[in-house]
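Student: Taken in sequence, the protein lines are chains L and R. Position 144 of the first sequence, counted from 1, bears residue number 144 in this note's numbering, the numbering being contiguous throughout. Position 93 of the second sequence, counted from 1, bears residue number 1093 in this note's numbering, the numbering being contiguous throughout.
Treat the hints as calculated values from the structure; they're not laboratory data. Everything numeric in this text was worked out from a predicted model, so none of it was measured. Keep in mind that a hint or two might mislead.
Just a sample of chain L residues kept apart from chain R, beta carbon distances all over 10 Å, derived [unchecked claim]:
#1 SER29
#2 VAL65
#3 ARG114
#4 ILE123
#5 THR147
Simulated crosslink set (BS3-like; lysine-lysine; CA at most 25 Å straight-line) [unchecked claim]:
#6 R:LYS1134 x L:LYS112
#7 R:LYS1003 x L:LYS134
#8 R:LYS1112 x L:LYS142
#9 L:LYS74 x L:LYS34
#10 R:LYS1134 x L:LYS134
#11 R:LYS1134 x L:LYS52
Glycine included, each C-beta is placed from N, C-alpha and C at the ideal position.
There are 2 protein chains.
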Amino acid sequence: MAKKRLLVDMDGVLADVYAQFIAYEFEASGTRFKREDVVGIDEVQAFPNGKKHVYQKGFFRTIPVMNDAVDVMKQLSAKYEIFIVSAAMEFPNSLFEKYEWLDEHFPFIHWKHRVFCGDKSVIQGDILIDDHFKNLDYFSGKTYLFTQPHNSNADPKAHERVANWKNIAEKLLG
Amino acid sequence: MAKKRLLVDMDGVLADVYAQFIAYEFEASGTRFKREDVVGIDEVQAFPNGKKHVYQKGFFRTIPVMNDAVDVMKQLSAKYEIFIVSAAMEFPNSLFEKYEWLDEHFPFIHWKHRVFCGDKSVIQGDILIDDHFKNLDYFSGKTYLFTQPHNSNADPKAHERVANWKNIAEKLLG
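Chain L extracted, bound-state conformation (with noise of 0.2 Å):
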């Protein structure tokens, strides 16, 4: 039988996009935001800087791997076949940078399986892990909603919630 097609977000799922906000925000202006401090705003409108930090060289070359999410990709790549899915077209300087990303962490996912693109309702697959409802409310297949600061206070509405990559392991390795 063809192995189920997952699809998998970047910036909130795959890369801890907060602790990289939170880090450039303390080096801009020595506030230290917790991630507590943004729940319900958008990453990027969350901080005061924000906007200007995702268009800043190295931003996304170097966000920090989502805690465990390494080890579970490496698992879930026996039994899915897994494409990254990134919405990387509005931040252009940021598409290189997430490719080389992605050849430092995660070299098992082949370049043939690595998707930028802008509005995701344009991608198929089977599953889709992703923090954004916009992209999970017109996506086909069983979505799961990643948690993170901006959606962690809303109804997840008829998507499933995971907290964390071992929550993933659980749901999917099971």
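Given the coordinates of chain L, work out where chain R should sit on it, guided by the hints.
Tutor: Just chain R now, kept in the frame of chain L:
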């Protein structure tokens, strides 16, 4: 009624990649190839220095636009929801160059409607215009094979052939 979703390939459809290979080859070796010299051979393989040139800075940024592509794409935009879908992941250096190329020649196609991927089987839509069987064969919608030297003597199989952008206008704007 919702507009049909039309997916359009870049190299060999919007971008005249053969013109670029011929120009680069002449510059490198003094040999002036004609399109009829390279019929039936994969583009990159067909030119002695092709495999080197695709990694050269500026190669993708300066490819000439295919005749009539801009005018016809503008007209198609009124009738279809267009996505430009390029297998850009094979040449990571091309990512930003392709983005800038689209900004220059097709600024009316928003970044939300641009996709850079590896394997196009992850992309869905109603119509696909592409010059490669490997992309058309796995597409579930209507397919058009754009004639290029590498495919010009091949059986179009289940795909409908289009010879150029005027021909696309006749078929899709009629």
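Student: Does each hint fit the structure? Answer for all of them.
Tutor: Checked hints:
Listed as outside the interface, L:SER29 is consistent with that label: its C-beta sits roughly 29 Å from the nearest C-beta of chain R, beyond the 10 Å cut-off. Here L:VAL65 stays apart from chain R, with its beta-carbon at least about 19 Å from theirs, past the 10 Å limit. Under the 10 Å C-beta cut-off, the non-interface status given to L:ARG114 relative to chain R is violated; the minimum distance is some 5 Å. In this structure L:ILE123 is not separated from chain R by more than 10 Å, as the shortest Cβ-Cβ distance comes to only about 6 Å.
Every CB of chain R is more than 10 Å from the CB of L:THR147 (nearest about 25 Å), matching its label as outside the interface. The suggested pairing of R:LYS1134 with L:LYS112 holds, with an alpha-carbon distance near 13 Å, which does not exceed 25 Å. A threshold of 25 Å between alpha carbons decides the hint, and for R:LYS1003 with L:LYS134 the separation of about 20 Å falls inside it, so the pair holds. For the hint pairing R:LYS1112 with L:LYS142, the CA-to-CA distance comes to about 23 Å; that is within 25 Å, so the pair holds.
Pair hint L:LYS74 plus L:LYS34 does not hold up; C-alpha atoms about 30 Å apart against a cutoff of 25 Å. Simply put, R:LYS1134 and L:LYS134 have alpha-carbon atoms about 30 Å apart, too far for the 25 Å limit, and the pair is violated. As the CA atoms of R:LYS1134 and L:LYS52 are separated by approximately 41 Å, the hinted pair breaks the 25 Å bound.
Hint check: violations occur at hints 3, 4, 9, 10, 11; the rest are consistent with the structure.
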